[in-house]
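First to last, the protein sequences are chains A and B.
Just so you know, the first sequence maps onto residues 0 to 286 in numbering that gives the first Met the number 0.
Just so you know, the second sequence maps onto residues 0 to 141 in numbering that gives the first Met the number 0.
No lab work stands behind these hints: they were computed from the structure.
Honestly, I wouldn't trust all of these hints.
Straight line, CA to CA, 25 angstroms or less: simulated BS3-like cross-link-like pairs of lysine-lysine [to be verified]:
hint, chain 1, residue 1, chain 2, residue 2
1, A, K4, A, K247
2, A, K266, A, K255
3, B, K100, A, K74
4, B, K100, A, K4
5, B, K48, A, K47
6, A, K114, B, K100
7, A, K4, B, K131
8, A, K9, B, K89
9, B, K100, A, K147
10, A, K147, B, K48
To spell it out: a stretch of chain A is covered by chain B in this simulated footprint if at least three of its residues, at any positions, have a beta carbon under 8 angstroms from a beta carbon of chain B; those stretches are [to be verified]:
hint, region
11, 72-78
12, 117-131
13, 143-150
Here are the in silico distance ranges between beta carbons for each label pair [claimed, not checked]:
hint, chain 1, residue 1, chain 2, residue 2, range
14, A, K9, B, I133, 43 to 53 angstroms
15, A, A40, B, R39, 23 to 33 angstroms
16, B, L107, A, D162, 37 to 47 angstroms
17, B, A41, A, T178, 47 to 57 angstroms
18, B, E51, A, G141, 28 to 38 angstroms
19, A, G86, B, R39, 51 to 61 angstroms
20, A, A283, B, A124, 49 to 59 angstroms
21, A, L38, B, E61, 26 to 36 angstroms
22, B, K108, A, E258, 48 to 58 angstroms
23, A, D162, B, G50, 31 to 41 angstroms
24, B, V132, A, S29, 39 to 49 angstroms
25, A, G53, B, A124, 48 to 58 angstroms
26, B, A41, A, A93, 48 to 58 angstroms
27, A, G86, B, P42, 49 to 59 angstroms
Glycine residues also receive a C-beta, built at the ideal position from the N, C-alpha and C atoms.
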Amino acid sequence: MPGTKEIRAKITSVKNTQKITRAMQMVATSKMRRAQERLRAARPYAEKMRAVIGNLTAANPDYRSPYLQRRTSVKSVGIIMISTDRGLAGALNANVFKQTLLLIREWQGQGAAVKLCLVGAKGMAFFRRLDTPIVASVSHLGDRPHVKDLIGTVKVMLDAYRDGNIDRLFLVNAEFVNTMTQRPIVTQILPLDPTQDGEPREHWDYIYEPEAAQILDALLIRYVESQVYRAAVENVAAEMAARMVAMKAATDNAGKLVEEMQLIYNKARQAAITKELAEIVGGASAV
Amino acid sequence: MTQPSTIQVDIVSAEGEVFSGAATMVFAPASQGDIGVAPRHAPLLSMLKPGEVRIQTPDGQEQFFFVGGGAIEVQPHHVTVLADTALRAKDIDEAAALAAKQRAEEALKDRSGLITQAEALAELARAAAQLKVIARLRKIRS
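Work out the full structure: start from the sequences and follow the hints.
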């Protein structure tokens, strides 16, 4: 029976691959849920922080923090791009890279220099081939990114902004829209706009320890960090969702492949049996 | 006796909400000395040192939370503690920033070895497959 053995071996191999992709799909599903929970858990901090910063800037209109000042001429922009550490997540990273390249080209077209700050191994692997300067990077944050791993990377950009080496700071990451949809999203994080919610506030002031300006700057730094942290967590959720979908497609494709090969195998087996029968019948009639 | 007046306390960190509830008294390690906050305290905004936030709940119990620093906002009926999840100090942050810069520089340095291990493995598999084909072609020809 020529061929049947090979087909059978191939079927086993595809089935094994299918087992792996199915396991990866299930792992991604549970990791996605946990990332979504962490995303929700990060929300109160950002909200409270924004409220305090809003109160503070409303009470101190004369102090202008460098992080809040809008500079009219933009000579240089910074981009913090978040990508995943591992692949097999569909077009997730490719889309984020494309969006980042568009952003870079847009600013370069306006004559501004671009400085990159990369979070995630895939982003580093992609952007180090290009000639956009990379000033800071961090990777292998795992499925549970922590604020403390991001502080240094964000500080590089914050310092650059404070010292006037960059005039705008953008954040690019994959937005988790829902399980089926993830798309790249660009957010401007510096300068901050503290008066986003235009609700009128009653005028009152705090007692400050130490000084208002110092507290405001410390809070603004933490706010930016929490934004980057949130983006990193959201990126994990998007990565897991994308991987889940990609692995589901792979599992389905493997199933189809096995079905097709099973048909071919059955036909080959039947052909061999028919041939053998014909030989026996032929041999018997010859006697 | 009337119900003791309370103050709403929220302790939040960037990675999640830690505590939310009513209290009769809150103690916190402010940057210029520990403070105690009772209901109807004057508005106050202060940075926090690493230490312990102590909350006396209306049922007479006490709860303790460790904070690695952060900020506390006090309004007459509301206390918000914005806790840091990591220990912060100027030189620690500075070192972290330096490390982030170095990582970028190091990754850029070996432009000669532009391929990562995963890419190298894929390249190897491709080369092996090509060799196999060549070997097979030779066998057929000979």
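Taking the hints in turn, this is what the structure says about them:
no., hint, verdict
1, A:K4 / A:K247, "violated (29 angstroms)"
2, A:K266 / A:K255, "holds (17 angstroms)"
3, B:K100 / A:K74, "holds (22 angstroms)"
4, B:K100 / A:K4, "violated (56 angstroms)"
5, B:K48 / A:K47, "holds (19 angstroms)"
6, A:K114 / B:K100, "holds (12 angstroms)"
7, A:K4 / B:K131, "holds (21 angstroms)"
8, A:K9 / B:K89, "violated (60 angstroms)"
9, B:K100 / A:K147, "holds (16 angstroms)"
10, A:K147 / B:K48, "holds (17 angstroms)"
11, 72-78, "violated (count 0)"
12, 117-131, "holds (count 6)"
13, 143-150, "holds (count 4)"
14, A:K9 / B:I133: 43 to 53 angstroms, "violated (23 angstroms)"
15, A:A40 / B:R39: 23 to 33 angstroms, "holds (31 angstroms)"
16, B:L107 / A:D162: 37 to 47 angstroms, "violated (22 angstroms)"
17, B:A41 / A:T178: 47 to 57 angstroms, "holds (49 angstroms)"
18, B:E51 / A:G141: 28 to 38 angstroms, "holds (29 angstroms)"
19, A:G86 / B:R39: 51 to 61 angstroms, "holds (57 angstroms)"
20, A:A283 / B:A124: 49 to 59 angstroms, "holds (52 angstroms)"
21, A:L38 / B:E61: 26 to 36 angstroms, "holds (32 angstroms)"
22, B:K108 / A:E258: 48 to 58 angstroms, "holds (50 angstroms)"
23, A:D162 / B:G50: 31 to 41 angstroms, "holds (32 angstroms)"
24, B:V132 / A:S29: 39 to 49 angstroms, "holds (42 angstroms)"
25, A:G53 / B:A124: 48 to 58 angstroms, "holds (56 angstroms)"
26, B:A41 / A:A93: 48 to 58 angstroms, "holds (55 angstroms)"
27, A:G86 / B:P42: 49 to 59 angstroms, "holds (51 angstroms)"
Hint compliance for this structure: hints 1, 4, 8, 11, 14 and 16 are not met, and every other hint is.
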